[in-house]
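With the sequences and hints as input, model every part of the structure.
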Amino acid sequence: MAAPSPERGLPGARLHSLPPRLHHPQRPVPRAEALEAQLAASRHETEEARRRKNNLENSHESLQRAALGTVRAVLEDRLQAIPARVREVVTHEIHQGAGAALAAAQLRSGRDLRRLEPGFPDDSTPEEQELVGDLEVQMAAAMII
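Quick note: this note's numbering has the sequence shown finishing at residue 146, numbered continuously throughout.
Everything labelled a hint here was simulated from the structure, so no lab data went into it.
It should be emphasised that the depicted structure is a prediction, and the values quoted were computed from it without experimental measurement.
Treat the hints with caution; some may be incorrect.
[As the list claims (entries may be wrong)] Think about it this way: if two alpha-carbon atoms lie no more than 25 Å apart in a straight line, the pair counts; the simulated SDA-like pairs of lysine to any residue are:
1) Lys-54 with Leu-64
2) Lys-54 with Leu-40
3) Lys-54 with Gln-39
[Stated by the list, open to error] For each label pair, taking beta carbons as the anchor points, the in silico distance ranges come out as:
4) Leu-64 with Ser-43: 24 to 34 Å
5) Ser-63 with Ala-102: 53 to 63 Å
6) Ala-38 with Val-72: 29 to 39 Å
7) Ala-104 with Glu-77: 40 to 50 Å
Heads up, the beta-carbon is just placed ideally off N, CA and C, and yes, glycines get one too.
This is the structure:
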């Protein structure tokens, strides 16, 4: 085994030689200026790649914020529409129930209730009479059915 070279600490290594995989017999050893130029070009490419990466990250963050804003807006609109939709469904069910009640009453009584004037007897309380307006809407809806 050869003695370690004092310059590199490797057995049989010479001071000015390149590792075997980098050495090519017909190609001259690159000079320091060429290596520095390659290093500068590599640094430039690295900086350009970092700039592109930062631009992509910024674009991604902007798109994410925009998408989340859109989702929030749609969600808020839908949540705010829930009470109106519940009222709509409940009103529909009330109308359907009133129509079914009127149809059942007409079948059982054998009378035509479509011409019946909604109202309460004369001796009814004012609170009961206020309900007549609500009943008129339901009767009109039942007549459509």
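Hints, one by one, checked against the model:
Between Lys-54 and Leu-64 the CA atoms are separated by roughly 15 Å; this keeps the pair inside 25 Å, and the hint holds. Straight-line distance between C-alpha atoms of Lys-54 and Leu-40 comes to about 21 Å, which keeps the hinted pair within the 25 Å bound. Restraint check: the Cα-Cα separation between Lys-54 and Gln-39 comes to about 22 Å, which is no more than 25 Å; the hinted pair holds. Look at Leu-64 against Ser-43: about 31 Å separates their beta carbons, and that is inside 24 to 34 Å.
At roughly 59 Å, the beta carbons of Ser-63 and Ala-102 sit within the given window of 53 to 63 Å. Checked against the hint of 29 to 39 Å, the C-beta distance between Ala-38 and Val-72 comes to roughly 51 Å, which is inconsistent with it. Ala-104 and Glu-77 have their C-beta atoms about 42 Å apart, which keeps the hinted 40 to 50 Å range intact.
Violated hints amount to a single one, hint 6; each of the other numbered hints is respected by the structure.
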